[in-house]
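Q: Here are the chains, one letter per residue:
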Amino acid sequence: MLIINCPYCGARPEVEFRHAGEAHVARPAGTESLTDEEVVDRLYFRSNPKGMTVERWRHVHGCGRFFNAVRDTVSDFFVTTYKTGEPKPDLEALKAGAAK
Amino acid sequence: MSFRKAAGGRIDRNKPISFSFDGKTYQGYAGDTLASALLANGVHLVGRSFKYHRPRGILTAGIDEPNALVGVGKDDAHYTPNLRAPVIELYDGLKAESQNRWPSLGFDIGAVNDLLLSRFIPAGFYYKTFMWPKSFWTKVYEPKIRAAAGLGRAPETPDAARYTQVYQTTDILVVGAGPAGLSAALSASRSGKRVMLVDEQAEMGGSLLHNLTEVIEGKSASEWVADALTELKANPKVTLLPRATAFGYYPHNFIGINERLTDHLANPPANLPRERQWQVRAGEVVIAIGSLERPLVFPDNDRPGVMMAEAARAYVNRWGVLPGRRAVIATAHDSAYRVALDLKAAGIQIATIADLRGDVSGELVSAAEAAGIRVQRGAVITGTRGRKRITQAHVARIQPNGTAAAPEAIACDLLLMCGGWTPSVHLFSQSRGKLTFDEALQAYVPGQSVEKERSAGACRGLFDLGAILEDGWKAGADAAAAVGGVVAPFRVIDVKGSVKESGGYLGALPHGRNVNTVKAFVDFQNDSTAKDIKLAVREGMRSIEHVKRYTTTGMATDQGKTSNMNALGIVADTLKTPVPAVGLTTFRPPYSPITFGAFAGLARGDLFDPLRKTPSHDWATRAGAAFEPVGQWMRAWYFARPGEDMHAAVNREVKAVRSSVGMFDASTLGKIEVVGPDAAAFMNLLYTNAWTKLGVGKCRYGVMLREDGFVMDDGVVGRLAEDRFHVTTTTGGAPRVLHHMEDYRQTEFPHLDVWLTSTTEQWAVVAVQGPKARDVVRKLVGDFDLSKEAFPPMSVAETAIACVPGRLFSVSFTGEIGYELNVPADYGAALWEAVFEAGREFGITPYGTETMHVARAEKGYIIVGQETDGTATPDDVGLGWAVGKTKPDFVGKRALARPAMSAPDRKQMVGLFTEDPKVVIEEGAQIVLDPNQPVPMKMVGHVTSSYWSPTVGRSIAIAMLRGGRARIGETVYIPMPEGTIAAKVVEPAFYDKEGERLNG
Amino acid sequence: MVDISSDRRTVLDGLQFTSPADAEVRIEPVAAMSRLALRGRPGIETAVAPVFGFNLPSTACTSATAAEYAALWVGPDEWLVTAPDGRVDVVKAALEEACAGVPHAITDISHRNVGLTISGPKATWVLSHGCPLDFDLAAFPVGMCTRTLLGRTEVVLWRRAEDTFRIEVWRTFADYLIGFLNEARKELAA
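Protein chains in written order, with numbering that gives the first Met the number 0: chain F, 0 to 99; chain P, 0 to 999; chain C, 0 to 189.
The hints are simulated quantities; they were obtained by calculation from the structure and are not laboratory data.
Incorrect hints may appear among the rest.
Said to hold, decoys possible - With a cut-off of at most 20 Å between alpha-carbon atoms, the simulated DMTMM-like pairs for lysine to aspartate or glutamate come out as follows:
1. P/Lys192 - C/Asp135
2. P/Lys73 - P/Glu88
3. F/Lys82 - C/Asp6
4. P/Lys236 - P/Asp477
5. F/Lys49 - F/Glu21
6. P/Lys886 - F/Glu31
7. P/Lys451 - F/Asp75
8. P/Lys451 - F/Asp71
9. F/Lys82 - P/Glu747
10. C/Lys91 - P/Asp752
11. C/Lys185 - P/Asp158
12. P/Lys886 - P/Asp677
13. F/Lys82 - F/Asp71
14. P/Lys884 - F/Glu85
15. P/Lys778 - C/Asp6
16. P/Lys192 - C/Asp133
17. P/Lys937 - P/Asp915
18. P/Lys778 - C/Glu186
19. C/Lys91 - P/Glu797
20. P/Lys433 - F/Asp71
21. P/Lys983 - P/Asp888
22. F/Lys82 - P/Glu993
23. P/Lys451 - C/Asp133
24. P/Lys518 - P/Asp572
25. P/Lys858 - P/Glu993
26. F/Lys82 - P/Asp742
27. C/Lys91 - P/Glu721
28. P/Lys451 - F/Glu13
29. P/Lys236 - C/Glu161
30. P/Lys983 - P/Glu921
31. P/Lys858 - P/Glu986
32. C/Lys121 - C/Glu186
33. F/Lys87 - P/Asp91
34. C/Lys91 - P/Asp722
35. P/Lys654 - P/Glu643
36. P/Lys236 - C/Asp135
37. P/Lys236 - C/Asp162
38. P/Lys192 - C/Glu161
39. P/Lys218 - P/Glu202
The shape of chain F in the complex, shown without the other chains (with noise of 0.2 Å):
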C-alpha cells in the first residue's frame, strides 16, 4: 500500500484515495466547437506512458478533495502531487531530478 501526498491533508495511505483518470485532459464541451475526431480523441485516448504519468486522484476517504500527482509507471511511485487548478509540472526537470 503507497503512502500518498495529498496537497491538503499530507501523507496518508493509498487505500483512502481513488484514481480518476488522466490528468489535464480538456472536457470536450458543449460550448466548444470540435471536430468529432477532437470529442473522440478527448474522450476515448489516453497517453499512457511508460514513466512519469500525470493523473488525478481523489482523497475520497479523506478530505474529499480531486488533486493531480505525478507517477512513474515504471516504479509505481508519486513523484510528486498538487491541487487542481495549479500548473502541470515540467515533466522532464522532474525526471531528471529523479534520476539524481
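Since chain F is already given, all that's left is putting chains P and C on it; use the hints.
A: For chains P and C alone, coordinates are given in the frame of chain F:
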C-alpha cells in the same frame, strides 16, 4: 528418547510432552520442535516426496525445510496441512500425520513412480506426455495426476480459529533476531524512536542459540542473547515480536508480518486469534534474515538421514538431540568442520569428512584432524544406500580430469552436507532492490536499494560473527539517523573463538554413474533433479525463468530456498556461462506460506461486508418478507403470506397497488442535497434537463450522462428553495453519482458557488402508491392540502409528517398516484408503522422490490443499470424528451452530437409480447431476426426486463433492439435451449400509456 | 394527525456495547445530537464566530470546540458541526444569518450519522485493526479529526483525549462497525 543427550540444549527436561505422529505416541520436551522430538525418538522417515513418492526425512532445522511436511490438528476444523516439522513447536497432545502416502508412510503404492515409472516422467513431462487426445486431459490425465501427486489434503470443515489483522506504524523495523538483527535492534533502540524486532522463531537469537563455541563481549552466545533481550524488553519504545514471519515487502516500507499466537499451545484461549497479520509501515527497515545452507547435489542425496550439516549442529546443541550415531560429512565449506567438532563432542562418531576441495587447510581443518577425524580432500559422494534410512555413503576421490574414481562404501546412519551458504536476499529482492553477484562469495547479495532499507549480517554476505554483530549495530544506528533519532556511537563487539571460514560450491557433482538412472536432487520439494535441469537446457531453455517453469525447480512452497542457487550453477555449467549471465528468478511474497485465514482476517461471516438495513427491516422480517441484496443494502423483495409463493405474492402486491394502495420502503434511494447560490446553474450542467425554470416546490425527473453521452443515472429532483435541490439517485448509483458530481464541481466548474452533501442516510422514505394513496397520506399530514390542484404530481414540500419535520414528494414510480414521505431517519420505523396503521382501512399492502420492478415495467419506466448498460443514450431508452436541446452546455452534450450517437441502427428500447402470453422470457436472452440461420446467429438485441404482468394478464418484456423503434409490429425470435420463442415488437409501455391514472 | 415525534429509534438500540474487554477498551453510544454539514467560501471561518464563539478551524484535520458547539475540519471547505440535540433549526438559522455575506451551504445531517466513543488503554490497538493511520500522539494528536476508513466503513475519527476517540459513522454502517470493533477487542477479554 534414545537419541536424546542427557544434558544440554534449550529444552526443559522437567517438562515432558506427549505427542503423536501417524497415530503412534512419542515423548518430547518443552522447547522441542516436532522435528527435534521425532529425531530424538529416532524417527527420520517423515514424508513421501511429491512426484516419485521417495521416502524423505528431515533435511533442515528451519523454515527452509523442503521434505518434512506434515499435517497437524486435533480434528478437521483445526487441521493445517503442509506444515514444516522443524518449525512446529511441540505441545502436549500435538497430533501430526505424514502426507502424500498410501496406504502408509512405510509402504506407499505411489513409490512405483520412483522405481518403475520415473523414466516416463522427465522434466516438462506434463507438457509432452499428455498432449493427445485432447479429451483425455480432463477425464483421465488430470484426475490421475492429481490423485498421484500433490502434498497435504485440504481440510473440508470451516476453520474454527480466529484470525485478525492490525496496522502498525514504527520508525524502525528490524527483521530477524539473529546476531545482526539483535545488534541492530540494540543500537536502534537507543534512538528514542519506535523500534519493532520480529523473528519467525519462538525464541529470538537465531544461530546464536546453537553456537557453543564463540564468546561475545566475554559472554557465551546464549548469555549475550539473553542480555540483549533483557535490554530491549525494558525499553517501552521497543516491540519484540517472536513467532512472526515477515513474509512480504510491499511498496513504501509496508511489511506483511504473520504472527502465530496459539499454534504452540495445547489449549489456546478461545478469544485469542490463532494468527495476527501485522501490516507494518516502517520509516526504515533493517533486513537481518541471515543465510541458508546449500545442499550438495549428488545421487540419492534425499534419503532419510541425509541432513544439512548446520541443521545437525543445531539439533545437537540447541535441542540436545543426536540425529545419528555415525555421520559422514560431505562439504565444500569450512563451516562443516565446526559441525564435525560439535557432533564429535556430543558423542557422534564422525566416519569421515569428504571435502570437495583438494587443497583445503586452515584452523578448523587442523582442529578436526587433531581430534582424530578422517578428512578426505578432493572427495565427493557418488551415491548412498538405505531405503527408509541411510546405511551407506559412497565416497570417491575426484580425479585430475574432474571425474569421480571408484567409491569407497562407508557405513553411516547420518550424512551431513554443506555446499556453502546462500545469503537470504528474499525480502531485499521483494523490495525491488537490485541484486549483484559477488564473485568471491559465488552468491547474490543486495546491491542498490529502492526502499528505505538496509541489509545487515549474513543476508548481505558477512559470515564472521564479529563482523556480523558490528554490521548489525551500524545498520541500526544508520536507520536511527535516517529517521532523525539519536545515533548510537559505533560499538566494537569483541568476539573470541571465531575462525575465518570460506568455501562453497554451486551445481551438480561428478559421480561417474549412469546419468539416466541416478537421481541427484536439486529441488527436494518438487522432486526435480540435476538431470531434469540439464534436460531443460538441452531442450532449449536458456533463461533461468524458463528452466524454472519447465522443471518446476524453485516453484514449491519453499520458494527454492535450498535449490535456486544449485539450479543456477547447473544451468551455468551446462551453458558454459558465468552464473550472473543466467539471471535469477524473481523472489515473490510470501517468503513462507501463510494461511488463508490470516489474509481474510476479521472479514468473514457477518463482517465480510457491511449489511445496510432499512428502517422497516425489522418490521418486514416479522411480516415474513423475503429479502434481496442490492449492493450492500438488504431490501424487502416481496411479502409472502402463508401459502403464497413469490409469484402469488407479487401478483397480489401489484394488484393492490393498481386497485387500492401499497407501501414501499424507498429509503435506499440515494439522496444528495445540492445547495448554494449557483445550485441551479450546477444542475443545468450535470443533468440533461433544464432546471432554471423549475419552481420552488416542484420536482423533475432528471437524467445524468457521463461525458461520453451515455446514461449514467436518473432520479427525481425536488427544488426546495432557489438555492437548494433535493436530488435522488438510484440505490446502487449513489456513491458513484456523488463522486461524479464532486468531480465536476471541483475540477471543471470550481467557479460555481455550490456544495453537495449526501443525505441518503438522513432521510427514511416510505412510498405510498395507488388510487387510495392520497387518502392514506392525508391522515398523516394534518392540514396540508393534498388536492391535485394544490399539490399535483411532481411536487415537493417541507411539511410535518406525523408531527415530525419532513419532506413530502408527490411522485410515482408505479404509474399510480404516489407520495414519498421523507422523515429524519430515526423516525423511519415509526413512520412505516404509522403509514401501515393509517392505510389499514384501505387494505394497504406492503410491497417489495419485485413488485416495484413489475409495476414500473408495466409503465415502461427504465431502471438505470437494467435497461442501460453504459452504452445507451437518452434517446436509446426513450428519454430523448429529457434532453434540454437549447442548453448551451451539459455534461455529455458534445458527445451526444456525434453522428454515431443518433444512428438509426442503435439498440433502442422496445417492448416484447411473446406469441404465447404465458411464456416469460429469461432476462439477458439474445434476440435474432431469423431463427433458422446457421450458428453463430447474428444477434440484434437482448432482453433487459421480463415479468409476468398481473395487470396486463400476460408476460411483458423490455428489450434493447437494433433499430428497434422501426421494427414495432415485427416478430423477432429468442433462441433458448428449450426452443425458440417468438415475440412481437411493441411500444415499451404496457399499461395506461396516457398516464390518466395520475390525474385521479 | 398521527404523532410519531416521541417514537425515535436510533440504530444503536440493541447493539452490543459491553464486552469482557471493557477494562481495556470501552465502546459507548453517543447520545443523539444536531449535526450540520457546513460548507463555504473563504471568509466563512470567521463569519460563524458570533454563533459558535470561535472561528472554524482552517488547519487540515483540526477541530474547535466551545460550550455546546464543535466544528471539525473534514475538508478544505467542509466542516462537521455538532450542537445539542433538537437545536438544528435554531443553529442553522443563526448560521444562515451570520454567513449571509459569504457563499455557503448548510445541510442537516443529524440523523445521517451516529456517534460512538471508543476509549481505554487499548483503544488505538483496536482501532488499528481497521484503520491504517498512525495513532502515535505525535502523528495523531488530541483534537485531530479526519475522515478515514475503519474496517470496511468510512468514518470521521476525532481524538478527544489520549485514550479516547469519537467515531462518527453513517447510521446503516453502525451495526457492522460495532461488530467489527467487538471482534477486534475480543482478544483483550479479561
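Q: Confirm or reject each hint.
A: Going down the list of hints, with the structure as the test:
no.: 1; hint: P/Lys192 - C/Asp135; verdict: holds, 11 Å
no.: 2; hint: P/Lys73 - P/Glu88; verdict: holds, 15 Å
no.: 3; hint: F/Lys82 - C/Asp6; verdict: violated, 47 Å
no.: 4; hint: P/Lys236 - P/Asp477; verdict: holds, 18 Å
no.: 5; hint: F/Lys49 - F/Glu21; verdict: holds, 14 Å
no.: 6; hint: P/Lys886 - F/Glu31; verdict: holds, 13 Å
no.: 7; hint: P/Lys451 - F/Asp75; verdict: holds, 16 Å
no.: 8; hint: P/Lys451 - F/Asp71; verdict: holds, 18 Å
no.: 9; hint: F/Lys82 - P/Glu747; verdict: holds, 13 Å
no.: 10; hint: C/Lys91 - P/Asp752; verdict: holds, 19 Å
no.: 11; hint: C/Lys185 - P/Asp158; verdict: holds, 18 Å
no.: 12; hint: P/Lys886 - P/Asp677; verdict: holds, 16 Å
no.: 13; hint: F/Lys82 - F/Asp71; verdict: holds, 18 Å
no.: 14; hint: P/Lys884 - F/Glu85; verdict: violated, 34 Å
no.: 15; hint: P/Lys778 - C/Asp6; verdict: holds, 18 Å
no.: 16; hint: P/Lys192 - C/Asp133; verdict: holds, 14 Å
no.: 17; hint: P/Lys937 - P/Asp915; verdict: violated, 24 Å
no.: 18; hint: P/Lys778 - C/Glu186; verdict: violated, 53 Å
no.: 19; hint: C/Lys91 - P/Glu797; verdict: holds, 16 Å
no.: 20; hint: P/Lys433 - F/Asp71; verdict: holds, 18 Å
no.: 21; hint: P/Lys983 - P/Asp888; verdict: violated, 39 Å
no.: 22; hint: F/Lys82 - P/Glu993; verdict: violated, 52 Å
no.: 23; hint: P/Lys451 - C/Asp133; verdict: holds, 18 Å
no.: 24; hint: P/Lys518 - P/Asp572; verdict: holds, 18 Å
no.: 25; hint: P/Lys858 - P/Glu993; verdict: holds, 10 Å
no.: 26; hint: F/Lys82 - P/Asp742; verdict: holds, 13 Å
no.: 27; hint: C/Lys91 - P/Glu721; verdict: holds, 17 Å
no.: 28; hint: P/Lys451 - F/Glu13; verdict: holds, 18 Å
no.: 29; hint: P/Lys236 - C/Glu161; verdict: holds, 17 Å
no.: 30; hint: P/Lys983 - P/Glu921; verdict: holds, 16 Å
no.: 31; hint: P/Lys858 - P/Glu986; verdict: holds, 11 Å
no.: 32; hint: C/Lys121 - C/Glu186; verdict: holds, 11 Å
no.: 33; hint: F/Lys87 - P/Asp91; verdict: violated, 66 Å
no.: 34; hint: C/Lys91 - P/Asp722; verdict: holds, 15 Å
no.: 35; hint: P/Lys654 - P/Glu643; verdict: holds, 15 Å
no.: 36; hint: P/Lys236 - C/Asp135; verdict: holds, 11 Å
no.: 37; hint: P/Lys236 - C/Asp162; verdict: holds, 18 Å
no.: 38; hint: P/Lys192 - C/Glu161; verdict: holds, 19 Å
no.: 39; hint: P/Lys218 - P/Glu202; verdict: holds, 18 Å
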